[in-house]
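Undergrad: Going line by line, the protein sequences match chains A and B.
Following our numbering, the numbering of the first sequence begins with 1 at its first residue and continues without gaps.
Following our numbering, the numbering of the second sequence begins with 1 at its first residue and continues without gaps.
Hints were generated in silico from the structure; no laboratory data involved.
Be careful, since some hints might not be right.
[To be verified] Taking lysine-lysine pairs in the DSSO-like style, the calculated list, with each CA pair at most 30 Å apart, reads:
| # | chain 1 | residue 1 | chain 2 | residue 2 |
| --- | --- | --- | --- | --- |
| 1 | B | LYS173 | A | LYS196 |
| 2 | A | LYS3 | A | LYS196 |
| 3 | B | LYS298 | B | LYS44 |
| 4 | A | LYS61 | A | LYS201 |
| 5 | B | LYS173 | B | LYS298 |
| 6 | A | LYS196 | A | LYS61 |
| 7 | B | LYS173 | A | LYS197 |
| 8 | B | LYS44 | A | LYS196 |
| 9 | A | LYS88 | A | LYS201 |
| 10 | B | LYS16 | A | LYS201 |
| 11 | A | LYS61 | A | LYS14 |
| 12 | A | LYS3 | A | LYS88 |
| 13 | A | LYS14 | A | LYS88 |
| 14 | A | LYS201 | A | LYS3 |
| 15 | A | LYS201 | B | LYS65 |
| 16 | B | LYS16 | B | LYS69 |
| 17 | A | LYS61 | A | LYS121 |
| 18 | A | LYS197 | B | LYS298 |
| 19 | A | LYS14 | A | LYS3 |
| 20 | A | LYS197 | A | LYS61 |
| 21 | B | LYS65 | A | LYS197 |
| 22 | A | LYS196 | A | LYS88 |
| 23 | B | LYS16 | B | LYS70 |
| 24 | A | LYS196 | B | LYS70 |
| 25 | A | LYS201 | B | LYS70 |
| 26 | B | LYS69 | B | LYS303 |
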Amino acid sequence: MNKNVERLYNGIVKENPTFVLMLGMCPTLAVTTAAINGLGMGLSTTVVLILSNMLISAFRKVIPNGVRMPAYIVIVASLVTIVEFFMKAYTPSLASALGVYIPLIVVNCIILGRAESYASKNPVVPSIFDGIGMGLGFTVGLTSIGIVREILGAGQLFGHQILSLDWFTPITIFVMAPGAFLVLAFLVAGMNIIRKKMDEKGKPLASPSGCLTGDCASCSQSSMCTGKKEAE
Amino acid sequence: MSELYNVSSSPHVRSKDTTSRIMLYVVIALLPTSIFGIYNFGYKALVLMLVTIASCLVSEWVFEKIVHKKSTLGDMSAVVTGLLLALNLPATLPWWEAVIGGVFAIIIVKMMFGGLGQNFMNPALGARCFLLIAFAADMTNFSIDSYSGATPLALIRNEGVDSVNIMDMLIGKTAGTIGETSVIAILIGAIFLILMGVIDLRIPGTYIVSFVIFLILFSGHGFDVNYIVAELCGGGLMLGAFFMATDYVTSPITPMGQMLYGICLGVLTGLFRTFGANAEGVSFAIILSNLLVPMIEKITIPKAFGQVKEVKKHE
């Protein structure tokens with residue numbers, strides 16, 4: 001498979017940041033009260049991710065290893081600020097709905113994780129595609145959680161009333177915090193069922209190969225990881 | 001084979017109590033409350049009870065079919081969960097919301113965590129709190145027939161303790177959920193359970209005592225007998241103390257732990273009722289304390305027979 005296409009597939013399906021890597025949980029749980037918020041959050045993160053992957057990959061040979069984290073943060077924070085200004089100018093309602101979570105993209109684990117584990121070690125073009133794949137994977141995750149929560153919690157889809165309030169009583173818990181945890185849990189469980197089925201068919205989706213830290217003991221994926229080094 | 005001369009590893013003497021027998025006792029103990037609920041709120045209460053019990057049984061059966069587990073319908077615990085859930089709902093609740101409650105209680109609170117004995121909080125109360133947040137308007141709609149709609153606790157909070165009639169609260173002729181109104185009916189069931197040895201007074205006793213102490217200290221009413229009795233008889237405190245806080249799975253097994261758990265319940269209930277946004281707080285107090293149970297058990301492990309305190313060595 002073409003390396004770039006493989007990066008896209010990897011980000012959206014195999015290592016989906018929301019359902020497989022479990023990264024960026026804070027915005028995932030907080031902003032997905034409606035599908036449009038999930039989509040907006042996902043796309044703005046995607047833009048930042050693509051640009052940050054591109055820049056970090058381009059500068060990977062000049063950034064000294066000892067100060068790479070501060071350097072990444074400076075790059076990411078500048079990009080986030082630009083995106084935030086654009087959103088405030090052109091989509092003010094979305095910007096106010098997402099609130100503090102737009103500036104918080106700076107500390108989103110996905111962005112630093114991809115910078116550290118991929119962009120800092122690979123050439124520019126695959127890094128861009130990695131950013132697109134991961135960003136779209138995040139968008140898919142957030143939007144699907146948002147869709148489920150919006151339908152159950154308000155009977156709406158992207159702001160349109162699809163379940164008539166004449167007979168449907170909105171289950172308001174789904175637009176509140178507990179609903180986010182419930183929906184995420186069920187979607188991850190569904191993803192794991194698919195993963196298991198594929199394994200049984202002999203076409204494994206493969207466990208996440210992008211080791212983020214190299215430290216298996218503190219890795220959230222260690223229970224599923226097949227390439228794990230046994231702890232001494 | 002003789003029971004006495006059986007060669008095996010311990011335990012050698014087993015109690016005749018089985019899960020299903022204990023659950024049957026609980027159902028019997030809940031009968032007075034249920035019957036009074038039906039008498040007080042009419043056929044709607046009966047319909048809700050049947051609906052929640054059926055939805056609990058069906059969801060347990062379906063879940064066990066899907067995951068290929070042996071059916072545990074025989075242990076009757078789903079019936080108890082369904083009945084307790086119905087007793088915690090207002091009679092006006094639409095039936096399909098009650099169905100969602102039953103499904104949530106069994107599948108999410110109980111079966112997802114491994115079935116009876118593994119659930120970390122009382123399934124019926126977990127479902128009640130879920131419904132309370134999910135359908136806040138329907139779950140607090142107590143207006144039925146002759147009742148004005150406000151529960152005694154809400155009346156006490158808004159109009160003072162003189163606006164409620166304690167005699168009515170004892171008998172149960174007030175607004176509220178199906179099973180919480182009649183203190184007398186609940187106490188009849190509780191005495192039956194205590195006589196049969198199913199529950200003891202440790203948890204409900206410390207619960208009620210610590211709640212009363214909390215009220216005297218912090219409610220701002222001081223030692224006002226009328227107020228204290230009204231708070232005790234109002235809302236779900238009695239039902240919760242005797243039937244839900246004592247749930248074997250979600251309460252501590254050590255005697256000291258049970259007292260600590262009771263105190264926890266009393267303080268939390270007092271806190272929620274006195275300073276919280278709602279007049280009622282029993283169900284939240286119980287599920288919050290349920291979460292503390294593993295920690296309570298950890299710090300109250302009793303001393304083994306013959307164990308002595310570790311003596312500090314002098315160098």
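Undergrad: When the hints from earlier in the document are held up against this structure, which numbers fail?
TA: 1, 3, 4, 5, 6, 7, 8, 9, 10, 12, 13, 18, 20, 22 and 26
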